[in-house]
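Residue-level listing of the chains:
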Amino acid sequence: MAPRCRSVCGILPPHLLEQIVRNGTDEQRSWAINTMTKDFTLRSIRAQNALLQTKSLKPLQVRAVGEGQPVRTIFDCDNEEDLRARIVRREGDSPTGDLAVDEAYDGLGATYDLYWQVYERDSIDDEGMPLDAYVHYGKDYDNAFWDGRHMVFGDGDGALVNRLTIAVDVMGHELAHGVTADEAGLVYSQQPGALNESLSDVFGSLVKQRTRQETADQADWLIGAGLLTSQVKGVALRSLKAPGTAYDDPVFGKDPQPAHMRDYVQTTKDNGGVHINSGIPNRAFYLAAVDIGGYAWEKAGRIWYEALRDQWLRPTSRFLTFAGATLRAAVRLGYSESSTEYQAVRQAWEQVGITV
Amino acid sequence: MNQHRDEGISISFERSGGFAGISLRASMDTAQLSSEESTEVTKLIGRVDLDRCAHTSSPSDRASDQFQYDLVITCGNKRHELSLAEGAVPAELRPLLNLLVQWAKRR
Numbered sequence: 001m002a003p004r005c006r007s008v009c010g011i012l013p014p015h016l017l018e019q020i021v022r023n024g025t026d027e028q029r030s031w032a033i034n035t036m037t038k039d040f041t042l043r044s045i046r047a048q049n050a051l052l053q054t055k056s057l058k059p060l061q062v063r064a065v066g067e068g069q070p071v072r073t074i075f076d077c078d079n080e081e082d083l084r085a086r087i088v089r090r091e092g093d094s095p096t097g098d099l100a101v102d103e104a105y106d107g108l109g110a111t112y113d114l115y116w117q118v119y120e121r122d123s124i125d126d127e128g129m130p131l132d133a134y135v136h137y138g139k140d141y142d143n144a145f146w147d148g149r150h151m152v153f154g155d156g157d158g159a160l161v162n163r164l165t166i167a168v169d170v171m172g173h174e175l176a177h178g179v180t181a182d183e184a185g186l187v188y189s190q191q192p193g194a195l196n197e198s199l200s201d202v203f204g205s206l207v208k209q210r211t212r213q214e215t216a217d218q219a220d221w222l223i224g225a226g227l228l229t230s231q232v233k234g235v236a237l238r239s240l241k242a243p244g245t246a247y248d249d250p251v252f253g254k255d256p257q258p259a260h261m262r263d264y265v266q267t268t269k270d271n272g273g274v275h276i277n278s279g280i281p282n283r284a285f286y287l288a289a290v291d292i293g294g295y296a297w298e299k300a301g302r303i304w305y306e307a308l309r310d311q312w313l314r315p316t317s318r319f320l321t322f323a324g325a326t327l328r329a330a331v332r333l334g335y336s337e338s339s340t341e342y343q344a345v346r347q348a349w350e351q352v353g354i355t356v
Numbered sequence: 001m002n003q004h005r006d007e008g009i010s011i012s013f014e015r016s017g018g019f020a021g022i023s024l025r026a027s028m029d030t031a032q033l034s035s036e037e038s039t040e041v042t043k044l045i046g047r048v049d050l051d052r053c054a055h056t057s058s059p060s061d062r063a064s065d066q067f068q069y070d071l072v073i074t075c076g077n078k079r080h081e082l083s084l085a086e087g088a089v090p091a092e093l094r095p096l097l098n099l100l101v102q103w104a105k106r107r
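Chains A and S, in that order, give the protein sequences. With the working numbering applied, the first sequence corresponds to residues 1 to 356, in that order. With the working numbering applied, the second sequence corresponds to residues 1 to 107, in that order.
Extracted from the complex, chain S is given alone in its bound form:
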């Protein structure tokens, strides 16, 4: 059962670093998305233990030219701030990050 199904979700996302050093940014709020997109985001967030993610990254995860991901995710009244080195991104978070990168590249 998805614990976030009935909560509004907002996400502020930035991918920085990488060889290019080009930052990508995206912001979204499920209240302003189509029903289909909102369902997809809610499903992807539901897969992730955000509290655990917030403590998975350490400086030793940094490799030269890998990405850094910074997210602020608000689910209802709860706010989660994540700053993750690419090498520390849990597998269950990757689909959400991939989606956010796609959004950030929209013209």
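So here's chain A without its partners, still in its complex pose:
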């Protein structure tokens, strides 16, 4: 039996819930009221946590190791869709020889290191949250996901999609969903959902670039390179550099990502196109990073990370709001409005059709 996943990413905007209460059936109304109650509770918890997160009041933590050290545990689902799985590798254990186990362990380590060594963030919640990854999930399961607490990786179907741990940016992408949930809590639908997806692609790509020590102009800017088998006509799942060009295949169709707001895709599928329209902010990040130059995680990445922590970012924030947050973040980081960095960020958003 598959676990029923719950995620704060799934809460509808309050105004939509209010519409459902006003216009829905009795059953829909009951669900909406229940959801609003939970939403309010979550917001209260977040507000309380925010107060506790000031330095003087930060709650005491019990950690197995000190700050700056990840606490990784890898579980083997034995090809069942069940997270009641056995532990196969703990923090500090030697490699097991199981590719999926060891790739997940190393990928989470590389991701933790980016957040800690570059952004001084201690894990997903900045409080040393243990990193639990589940591998060999399901049979022929061609996916990886973040369920609100855990990262889960399938083995792929073997025919068209390889094991999901094969690309380090997949681990970076999934862990970043946890960071986004902890900071902005962007809802997983429509434009906020596409922004949520883009942030995962951006930090997933930065994990890969840092692992390879590539500058912005050396990086391939691909997400999921190596995931598609040789039977598929494509180089990866997405391209931050050139959205819409990653694959063109008889079964999978053509990469549907737009690179500009004029091509924004309105759809009810994919939670409102969260993996489609993420191409727009993805390209904005690429343009800013290449224009600034050097290692993308140092300046452009730092600006995007600080923007994610912007106090004005809300769960329902859209691309334009986030673009504004990146400019405020640039200023907070000491880049004046006439600086190369500030202008690179502003022009990057303009080039994808977003003018702040």
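Derived from the structure by calculation, the hints contain no laboratory data. For glycine and all other residues, C-beta sits at the position ideal for the given N, C-alpha and C. Hints may contain errors.
As the list claims (entries may be wrong) - Computed far set for chain S versus chain A, every beta-carbon distance over 10 angstroms:
# : residue
1 : S10
2 : K43
3 : S64
4 : L84
What the hints assert, rightly or not - Each computed DSS-like pair below joins lysine-lysine, with the alpha-carbon atoms no more than 25 angstroms apart:
#  : chain 1 : residue 1 : chain 2 : residue 2
5  : A       : K233      : A       : K139
6  : S       : K78       : S       : K43
7  : A       : K233      : A       : K269
8  : S       : K105      : A       : K269
9  : A       : K254      : A       : K233
10 : A       : K254      : A       : K241
11 : A       : K269      : A       : K254
12 : S       : K105      : S       : K43
13 : A       : K269      : S       : K78
14 : S       : K43       : A       : K139
15 : S       : K78       : A       : K139
16 : A       : K254      : S       : K78
17 : A       : K233      : S       : K105
What the hints assert, rightly or not - Some chain S residues judged to face chain A by a derived CB distance under 8 angstroms, without partners named:
#  : residue
18 : S16
19 : A20
20 : K105
Please build the complex by placing chain S on the supplied structure of chain A, with the hints as guidance.
Showing chain S alone in chain A's frame:
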């Protein structure tokens, strides 16, 4: 007893989302399938309470990078439209979805 045994069944299926964000689509009609395939589809549909499935999914079932399943199933004169988050898929519907994914991946 399978209530759909004597009815023609057509299915339009799309799986979207997932980490890859790649949509898979399949359409089928039991009238155009082999006897063996038609029997299999009819059996799998017969296991599922389609009316109940149509009301099992809510936005709170969405988890980042999980799949979304959209189906239009017509059994005789009755049409069922389902849009389900992966976390809300009932166990009895999974075999049918797995079959449809296999069909969608055929080259």
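Checklist entry - Checking against the hints above, which ones are violated? => result 3, 15, 16
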